[in-house]
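Asks: Sequence:
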Amino acid sequence: MSANPSPGSPRVALVTGTSSGIGAAVVKTLCDLGHQVLAVDFNPAGETVAEASGAAFFQADLTDAEACRAAVGDAVKRFGHVDILVNNAGIQHVESIESFPEAKWRQIIDLMLTAPFLLTQAAWPYMREGQWGRIINIASVHAQVASPGKAAYISAKHGLIGLTKTAALEGGEHGITANALCPAYVRTPLVDNQIADQARMHGMGEQEVIEKVMLKNAAVKRLIDPSEVASLVAYLASDQAGAVTGSSWNIDLGWTAQ
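Residue numbering for the sequence shown follows full-length UniProt numbering, beginning at 1 and increasing consecutively.
If you are wondering where the hints come from, they were derived from the structure by calculation, not from laboratory data. Since we're looking at a predicted model, the values are computed, not measured. Each hint should be verified, as a subset may be incorrect.
What the hints assert, rightly or not - No more than 30 Å apart at the CA atoms, straight line, and that leaves these computed lysine-lysine pairs for DSBU-like:
#: 1; residue 1: K165; residue 2: K104
#: 2; residue 1: K77; residue 2: K216
#: 3; residue 1: K104; residue 2: K216
Unchecked claim - Quick list of the computed label-pair ranges, beta carbon to beta carbon:
#: 4; residue 1: G73; residue 2: H202; range: 14 to 24 Å
#: 5; residue 1: T48; residue 2: E173; range: 37 to 47 Å
#: 6; residue 1: A257; residue 2: E129; range: 38 to 48 Å
#: 7; residue 1: T256; residue 2: A65; range: 30 to 40 Å
#: 8; residue 1: R222; residue 2: R200; range: 15 to 25 Å
#: 9; residue 1: E208; residue 2: E170; range: 42 to 52 Å
#: 10; residue 1: R106; residue 2: E129; range: 31 to 41 Å
#: 11; residue 1: S227; residue 2: G80; range: 22 to 32 Å
#: 12; residue 1: G172; residue 2: Y235; range: 30 to 40 Å
#: 13; residue 1: A65; residue 2: A257; range: 31 to 41 Å
#: 14; residue 1: L190; residue 2: E211; range: 30 to 40 Å
#: 15; residue 1: R106; residue 2: E206; range: 28 to 38 Å
#: 16; residue 1: K212; residue 2: E129; range: 46 to 56 Å
Beta carbons are placed, not taken as given, at the ideal position from N, Cα and C, and that holds for glycine.
Turn these sequences into a full structure, and let the hints steer you where they fit.
Replies: In C-alpha coordinates form, the structure reads like this:
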(Lines of atoms letter the chains of each structure in order from A and count residues from 1; the text may use other names and numbers.)
(Lines give C-alpha, C1' and ligand atoms only; values in the text may rest on other atoms or scores of the structure.)
Protein backbone atom coordinates (compact mmCIF):
# COMPACT_ATOMS: atom_id res chain seq x y z
CA MET A 1 0.00 0.00 0.00
CA SER A 2 1.29 3.42 -0.91
CA ALA A 3 1.17 6.34 1.49
CA ASN A 4 -1.76 8.71 1.26
CA PRO A 5 -1.20 12.34 0.20
CA SER A 6 -0.50 15.03 2.75
CA PRO A 7 -3.46 17.03 4.11
CA GLY A 8 -5.00 19.30 1.52
CA SER A 9 -3.65 17.26 -1.40
CA PRO A 10 -5.90 15.65 -4.01
CA ARG A 11 -7.28 12.29 -2.91
CA VAL A 12 -8.39 9.08 -4.59
CA ALA A 13 -12.17 8.61 -4.66
CA LEU A 14 -14.33 5.67 -5.66
CA VAL A 15 -17.94 6.59 -6.46
CA THR A 16 -20.70 4.12 -7.34
CA GLY A 17 -23.85 4.62 -9.39
CA THR A 18 -22.30 7.25 -11.63
CA SER A 19 -23.99 7.09 -15.03
CA SER A 20 -26.48 9.83 -14.12
CA GLY A 21 -28.06 11.81 -11.31
CA ILE A 22 -26.34 12.19 -7.95
CA GLY A 23 -23.43 9.91 -8.82
CA ALA A 24 -22.58 11.78 -12.00
CA ALA A 25 -22.75 15.09 -10.12
CA VAL A 26 -20.48 13.77 -7.36
CA VAL A 27 -17.92 12.52 -9.89
CA LYS A 28 -17.84 15.91 -11.63
CA THR A 29 -17.55 17.82 -8.37
CA LEU A 30 -14.71 15.67 -7.03
CA CYS A 31 -12.86 15.81 -10.35
CA ASP A 32 -13.26 19.59 -10.43
CA LEU A 33 -11.61 19.68 -6.99
CA GLY A 34 -8.62 17.83 -8.38
CA HIS A 35 -9.25 14.39 -6.94
CA GLN A 36 -8.49 11.21 -8.85
CA VAL A 37 -11.85 9.47 -9.29
CA LEU A 38 -12.93 5.98 -10.28
CA ALA A 39 -16.57 5.98 -11.38
CA VAL A 40 -18.27 2.59 -10.98
CA ASP A 41 -21.54 1.69 -12.67
CA PHE A 42 -23.36 -1.30 -14.16
CA ASN A 43 -24.32 0.71 -17.24
CA PRO A 44 -21.51 0.82 -19.83
CA ALA A 45 -22.79 4.24 -20.91
CA GLY A 46 -21.33 5.46 -17.63
CA GLU A 47 -17.90 5.43 -19.23
CA THR A 48 -18.80 8.39 -21.45
CA VAL A 49 -20.19 10.29 -18.45
CA ALA A 50 -17.04 9.56 -16.42
CA GLU A 51 -14.65 10.56 -19.16
CA ALA A 52 -16.51 13.85 -19.67
CA SER A 53 -15.67 14.76 -16.08
CA GLY A 54 -12.10 13.48 -16.20
CA ALA A 55 -12.71 10.28 -14.22
CA ALA A 56 -11.71 6.69 -14.88
CA PHE A 57 -14.48 4.12 -15.27
CA PHE A 58 -15.04 0.58 -14.02
CA GLN A 59 -18.09 -1.40 -15.08
CA ALA A 60 -19.45 -3.68 -12.37
CA ASP A 61 -22.59 -5.37 -11.14
CA LEU A 62 -22.31 -4.52 -7.47
CA THR A 63 -24.85 -7.15 -6.46
CA ASP A 64 -21.90 -9.53 -6.97
CA ALA A 65 -19.48 -9.59 -4.03
CA GLU A 66 -16.44 -10.25 -6.19
CA ALA A 67 -17.32 -7.25 -8.37
CA CYS A 68 -17.31 -5.02 -5.28
CA ARG A 69 -13.85 -6.18 -4.34
CA ALA A 70 -12.70 -5.89 -7.95
CA ALA A 71 -13.85 -2.25 -8.09
CA VAL A 72 -11.69 -1.34 -5.11
CA GLY A 73 -8.85 -3.38 -6.59
CA ASP A 74 -9.10 -1.44 -9.83
CA ALA A 75 -8.89 1.89 -7.99
CA VAL A 76 -5.82 0.68 -6.12
CA LYS A 77 -4.22 -0.61 -9.32
CA ARG A 78 -4.76 2.73 -11.04
CA PHE A 79 -4.05 5.15 -8.21
CA GLY A 80 -2.27 3.23 -5.45
CA HIS A 81 -4.89 3.49 -2.71
CA VAL A 82 -8.43 4.64 -1.88
CA ASP A 83 -9.17 7.63 0.35
CA ILE A 84 -12.82 8.45 -0.33
CA LEU A 85 -15.69 6.02 -0.87
CA VAL A 86 -19.08 7.31 -1.97
CA ASN A 87 -21.73 4.57 -1.92
CA ASN A 88 -24.47 5.89 -4.17
CA ALA A 89 -25.62 3.06 -6.46
CA GLY A 90 -29.30 2.27 -6.13
CA ILE A 91 -32.48 1.07 -7.79
CA GLN A 92 -36.13 1.29 -6.89
CA HIS A 93 -39.21 -0.90 -7.12
CA VAL A 94 -42.62 0.35 -6.01
CA GLU A 95 -45.08 -2.32 -4.98
CA SER A 96 -47.02 -3.35 -1.88
CA ILE A 97 -45.45 -5.80 0.58
CA GLU A 98 -48.10 -8.37 -0.31
CA SER A 99 -47.01 -8.57 -3.94
CA PHE A 100 -43.36 -7.48 -3.68
CA PRO A 101 -41.20 -9.99 -5.62
CA GLU A 102 -38.62 -11.79 -3.49
CA ALA A 103 -36.03 -11.57 -6.27
CA LYS A 104 -36.42 -7.78 -6.44
CA TRP A 105 -36.12 -7.56 -2.63
CA ARG A 106 -32.84 -9.46 -2.70
CA GLN A 107 -31.48 -7.40 -5.59
CA ILE A 108 -32.18 -4.11 -3.82
CA ILE A 109 -30.72 -5.27 -0.49
CA ASP A 110 -27.63 -6.68 -2.22
CA LEU A 111 -27.00 -3.49 -4.19
CA MET A 112 -27.90 -0.88 -1.59
CA LEU A 113 -26.79 -2.44 1.70
CA THR A 114 -24.53 -5.44 1.14
CA ALA A 115 -22.46 -3.72 -1.58
CA PRO A 116 -21.71 -0.64 0.57
CA PHE A 117 -20.55 -2.98 3.34
CA LEU A 118 -18.30 -4.97 1.00
CA LEU A 119 -16.87 -1.84 -0.64
CA THR A 120 -16.20 -0.33 2.78
CA GLN A 121 -14.55 -3.53 3.94
CA ALA A 122 -12.33 -3.67 0.84
CA ALA A 123 -11.31 0.01 1.03
CA TRP A 124 -10.79 0.01 4.79
CA PRO A 125 -7.18 -1.32 4.89
CA TYR A 126 -6.00 1.44 2.56
CA MET A 127 -7.70 4.14 4.59
CA ARG A 128 -6.34 2.68 7.83
CA GLU A 129 -2.83 2.47 6.37
CA GLY A 130 -2.94 6.14 5.45
CA GLN A 131 -4.72 7.12 8.70
CA TRP A 132 -7.23 9.08 6.63
CA GLY A 133 -10.51 8.07 5.04
CA ARG A 134 -13.94 9.35 4.14
CA ILE A 135 -16.91 7.02 3.75
CA ILE A 136 -20.00 8.82 2.47
CA ASN A 137 -23.18 6.81 2.11
CA ILE A 138 -25.97 8.28 0.02
CA ALA A 139 -28.98 7.22 2.02
CA SER A 140 -32.34 8.97 1.66
CA VAL A 141 -35.03 10.73 3.62
CA HIS A 142 -36.43 7.19 3.54
CA ALA A 143 -33.61 6.20 5.87
CA GLN A 144 -35.46 8.35 8.42
CA VAL A 145 -39.12 7.82 7.55
CA ALA A 146 -41.18 5.30 5.60
CA SER A 147 -43.64 5.46 2.72
CA PRO A 148 -45.93 2.77 1.31
CA GLY A 149 -44.73 0.56 -1.53
CA LYS A 150 -40.99 0.76 -0.86
CA ALA A 151 -40.27 -2.03 1.60
CA ALA A 152 -36.91 -3.08 0.19
CA TYR A 153 -35.62 0.43 -0.55
CA ILE A 154 -36.56 1.71 2.91
CA SER A 155 -35.14 -1.35 4.66
CA ALA A 156 -31.85 -0.97 2.80
CA LYS A 157 -31.60 2.76 3.54
CA HIS A 158 -32.40 2.28 7.24
CA GLY A 159 -29.71 -0.39 7.37
CA LEU A 160 -27.24 1.95 5.68
CA ILE A 161 -27.58 4.36 8.60
CA GLY A 162 -26.61 1.55 10.98
CA LEU A 163 -23.62 0.66 8.83
CA THR A 164 -22.59 4.32 8.76
CA LYS A 165 -22.68 4.63 12.54
CA THR A 166 -20.73 1.42 13.07
CA ALA A 167 -18.05 2.45 10.56
CA ALA A 168 -17.78 5.81 12.30
CA LEU A 169 -17.14 4.16 15.67
CA GLU A 170 -14.61 1.69 14.29
CA GLY A 171 -12.87 4.22 12.07
CA GLY A 172 -12.33 7.07 14.50
CA GLU A 173 -8.95 5.95 15.81
CA HIS A 174 -7.71 5.51 12.23
CA GLY A 175 -8.73 8.92 10.91
CA ILE A 176 -11.65 7.39 9.00
CA THR A 177 -14.99 9.19 9.12
CA ALA A 178 -18.35 7.85 7.96
CA ASN A 179 -21.44 9.91 7.27
CA ALA A 180 -24.76 9.46 5.50
CA LEU A 181 -26.67 11.91 3.34
CA CYS A 182 -30.44 11.74 3.44
CA PRO A 183 -31.95 13.71 0.56
CA ALA A 184 -35.62 13.91 -0.27
CA TYR A 185 -36.61 13.52 -3.92
CA VAL A 186 -33.76 14.54 -6.22
CA ARG A 187 -34.36 15.23 -9.90
CA THR A 188 -32.75 12.06 -11.27
CA PRO A 189 -33.77 9.32 -13.74
CA LEU A 190 -34.48 7.08 -10.74
CA VAL A 191 -37.03 9.57 -9.40
CA ASP A 192 -38.45 10.25 -12.86
CA ASN A 193 -39.12 6.52 -13.24
CA GLN A 194 -40.78 6.44 -9.83
CA ILE A 195 -43.30 9.08 -10.83
CA ALA A 196 -44.99 6.71 -13.31
CA ASP A 197 -44.88 3.84 -10.80
CA GLN A 198 -46.38 5.99 -8.06
CA ALA A 199 -49.07 7.25 -10.44
CA ARG A 200 -50.05 3.66 -11.19
CA MET A 201 -49.98 2.61 -7.54
CA HIS A 202 -52.02 5.58 -6.29
CA GLY A 203 -54.31 5.94 -9.29
CA MET A 204 -53.44 9.57 -10.00
CA GLY A 205 -51.71 11.67 -12.64
CA GLU A 206 -47.96 12.14 -12.68
CA GLN A 207 -48.09 15.84 -11.75
CA GLU A 208 -50.37 14.91 -8.86
CA VAL A 209 -47.74 12.42 -7.71
CA ILE A 210 -45.11 15.15 -7.57
CA GLU A 211 -47.37 17.57 -5.71
CA LYS A 212 -49.41 15.23 -3.48
CA VAL A 213 -46.94 12.39 -2.81
CA MET A 214 -43.34 13.47 -3.36
CA LEU A 215 -43.65 17.04 -2.09
CA LYS A 216 -46.55 16.54 0.30
CA ASN A 217 -44.38 16.72 3.43
CA ALA A 218 -41.82 19.18 2.11
CA ALA A 219 -41.63 22.77 3.34
CA VAL A 220 -39.72 23.73 0.18
CA LYS A 221 -41.90 22.67 -2.74
CA ARG A 222 -39.40 21.59 -5.37
CA LEU A 223 -37.21 18.67 -6.32
CA ILE A 224 -33.54 18.82 -5.32
CA ASP A 225 -30.80 19.30 -7.90
CA PRO A 226 -28.06 16.60 -7.86
CA SER A 227 -25.39 19.31 -7.59
CA GLU A 228 -26.76 20.28 -4.18
CA VAL A 229 -26.08 16.79 -2.87
CA ALA A 230 -22.66 16.71 -4.53
CA SER A 231 -21.66 19.92 -2.77
CA LEU A 232 -22.28 18.36 0.63
CA VAL A 233 -20.37 15.24 -0.42
CA ALA A 234 -17.42 17.48 -1.30
CA TYR A 235 -17.45 19.02 2.18
CA LEU A 236 -17.67 15.67 3.96
CA ALA A 237 -14.82 14.37 1.81
CA SER A 238 -12.56 17.27 2.81
CA ASP A 239 -9.97 17.71 5.55
CA GLN A 240 -12.24 20.35 7.09
CA ALA A 241 -14.83 17.67 7.93
CA GLY A 242 -12.46 15.57 10.04
CA ALA A 243 -14.53 16.09 13.19
CA VAL A 244 -17.79 15.11 11.50
CA THR A 245 -18.61 11.41 11.73
CA GLY A 246 -21.51 9.08 12.44
CA SER A 247 -24.00 11.72 11.30
CA SER A 248 -27.02 11.61 9.02
CA TRP A 249 -27.30 14.81 7.01
CA ASN A 250 -30.87 15.60 6.01
CA ILE A 251 -31.24 17.38 2.67
CA ASP A 252 -34.96 16.88 2.77
CA LEU A 253 -36.65 20.20 2.00
CA GLY A 254 -37.92 20.26 5.60
CA TRP A 255 -39.68 16.88 5.36
CA THR A 256 -38.46 15.56 8.75
CA ALA A 257 -38.90 18.91 10.52
CA GLN A 258 -42.51 17.96 11.26
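Asks: Hint by hint, note whether the structure agrees.
Replies: Do the hints match the structure? See the list:
1. K165 / K104: 27 Å, holds
2. K77 / K216: Answer violated: K77 to K216 is near 47 Å, above 30 Å.
3. K104 / K216: Cα-Cα ~27 Å, so holds.
4. G73 / H202: 14 to 24 Å: 44 Å, violated
5. T48 / E173: 37 to 47 Å: 41 Å, holds
6. A257 / E129: 38 to 48 Å: 41 Å, holds
7. T256 / A65: 30 to 40 Å: At roughly 33 Å between Cβ atoms, A65 and T256 fall inside 30 to 40 Å, so the hint holds.
8. R222 / R200: 15 to 25 Å: 24 Å, holds
9. E208 / E170: 42 to 52 Å: At roughly 45 Å between Cβ atoms, E170 and E208 fall inside 42 to 52 Å, so the hint holds.
10. R106 / E129: 31 to 41 Å: 34 Å, holds
11. S227 / G80: 22 to 32 Å: With a Cβ separation near 29 Å, S227 and G80 satisfy 22 to 32 Å, so the hint holds.
12. G172 / Y235: 30 to 40 Å: 19 Å, violated
13. A65 / A257: 31 to 41 Å: For A65 and A257 the Cβ distance comes to about 39 Å; the hint holds.
14. L190 / E211: 30 to 40 Å: For E211 against L190, whose Cβ atoms are near 19 Å apart, the range 30 to 40 Å is violated.
15. R106 / E206: 28 to 38 Å: 29 Å, holds
16. K212 / E129: 46 to 56 Å: Given range 46 to 56 Å: holds, Cβ gap about 51 Å.
Taken one by one, the earlier hints fail for this structure at numbers 2, 4, 12 and 14, listed in ascending order.
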